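Protein chains: 2
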Amino acid sequence: MASRRQALLLSSSNCHGYNLLEFAKAEISSFLQRNNVKDLIFIPYAQNDFDGYTTKIKNVIDQWGFTVTGLHTYPKPETAISESKAIFIGGGNTFLLLKRLYKNNLVQLMKSKIDDGSLIYIGSSAGTNVATKSIHTTNDMPIIYPPSFEAIGIVPFNINPHYIDKVENEEHKGETRDQRIAEYLEMQHAAPVLGLKEGAILHVDGSKLILKGVNGAVLFSRSQKKSEYNVGADLSFLLNEI
Amino acid sequence: MASRRQALLLSSSNCHGYNLLEFAKAEISSFLQRNNVKDLIFIPYAQNDFDGYTTKIKNVIDQWGFTVTGLHTYPKPETAISESKAIFIGGGNTFLLLKRLYKNNLVQLMKSKIDDGSLIYIGSSAGTNVATKSIHTTNDMPIIYPPSFEAIGIVPFNINPHYIDKVENEEHKGETRDQRIAEYLEMQHAAPVLGLKEGAILHVDGSKLILKGVNGAVLFSRSQKKSEYNVGADLSFLLNEI
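Going down the list, the sequences are from chains F and X.
One gets the numbering used here by counting positions in the first sequence from 1 and adding 1433 to each.
One gets the numbering used here by counting positions in the second sequence from 1 and adding 1433 to each.
Worth double-checking, as some hints may not be accurate.
No more than 30 Å apart at the CA atoms, straight line, and that leaves these computed lysine-lysine pairs for DSS-like [unchecked claim]:
{"#": "1", "chain 1": "X", "residue 1": "Lys-1606", "chain 2": "F", "residue 2": "Lys-1489"}
{"#": "2", "chain 1": "F", "residue 1": "Lys-1509", "chain 2": "F", "residue 2": "Lys-1471"}
{"#": "3", "chain 1": "X", "residue 1": "Lys-1659", "chain 2": "F", "residue 2": "Lys-1489"}
Just so you have them, the derived chain F footprint on chain X, three or more residues with Cβ under 8 Å [what the hints assert, rightly or not]:
{"#": "4", "region": "1444–1454"}
{"#": "5", "region": "1564–1570"}
{"#": "6", "region": "1573–1583"}
{"#": "7", "region": "1606–1620"}
Keep in mind the hints are simulated off the structure, nothing from the lab.
Predicted model only: the values in this text are computed from it and were never measured.
The beta carbon of each residue, even a glycine, is placed where N, CA and C say it ideally should be.
Let the hints inform the model, and build the full structure from the sequences given.
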């Protein structure tokens, strides 16, 4: 059966020239409304200050007419997710986030619920990385060892959030973002990598994938040079399993 | 018994204003001479073109009066390392490197031989990361899943190579290097992190640790703000097990 997945994947929560999440306000609001959702569970696992982080997000999204609660305030995370209709996973460290999702047995649970259409997903930065096939193309430091790099797999490719194609400076000899992504693509079974510029949003709607937000994306694959996509582009071809 | 370790840990092989490895020529040459070494095994595992990478390094170091051979040219890597007196592990991707070291059963073998003084170690970039306690503070993308983030552990702390304290640009909202290191330091049991600027070399000599090369380092720890160290600094206190 075709997946009934519904997801919004943001490159980041911050975008130059906007307040926190402001660039995504219209998309998030209409996404929640179309899915008849008023209540949203926020998952602050990518950072350590669960209360502080949840409050920061709640202060923004509650003003739009929704009600945000932190997953950490429920006695059992598994039960809370089982009973919820919508989640938002925020950014921070991708390794820490994925480790905590596995520890709380949430990875497979989320995948099943998203596939059958009973849970809708919003992710930002690290929360977008874990929504993909794997976290192989995160920018984050591997500060903790997760049981796997495989992730929730709402989409069958990888994402590089906060994508930027500039080098740090001309004298620095560290690798550029594009070199790092090219290294990944040399690996066996590497999936295509979509670099989401800050301000870009991917809207996953069953078998449709549309690029939204205020900034575009760059696709890297083994067989082709990188290709640029602008806001509005139809990227549904990326949902075909490789 | 005190470790008889002998190692040179380079932040990188390239440094602005120098040809490949040129900034480290005097240190590497005298290190090998003091240890009566003429032959050096180069380990190209952090990259995929073993022949090409080895040739690049050999072309430089052989001119200094030594003989470099690639580990991949020996029938059994374990036997080759058992019988060698000196190795140089080059840069590339830290995850790929560590995965291949584990796959070839070299991590524990190297550690034992280095501790008892029968093997001396030179590392650069990824080759420096795997020489430390763990690879938790590499800058590289996690392009492959290694069986552990624990590494050879010649020194009991972590290193961030290619250390730079500039932000990518002022409009970019991705995390800075310092923020990433700070996230690591929030983890339980986090070791101190020494950020090695490009051109910095750590000389490990038993219980002595001296900062050499042409550029300094920055130390990050849980208890203190970051502190700068210049070339020539005695960092032996970092060798005390935490």
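The hints, checked one at a time:
| no. | hint | verdict |
| --- | --- | --- |
| 1 | X:Lys-1606 x F:Lys-1489 | holds, 17 Å |
| 2 | F:Lys-1509 x F:Lys-1471 | holds, 21 Å |
| 3 | X:Lys-1659 x F:Lys-1489 | holds, 28 Å |
| 4 | 1444–1454 | holds (count 4) |
| 5 | 1564–1570 | holds (count 3) |
| 6 | 1573–1583 | holds (count 8) |
| 7 | 1606–1620 | holds (count 9) |
The earlier numbered hints are all upheld by this structure, with none contradicted.
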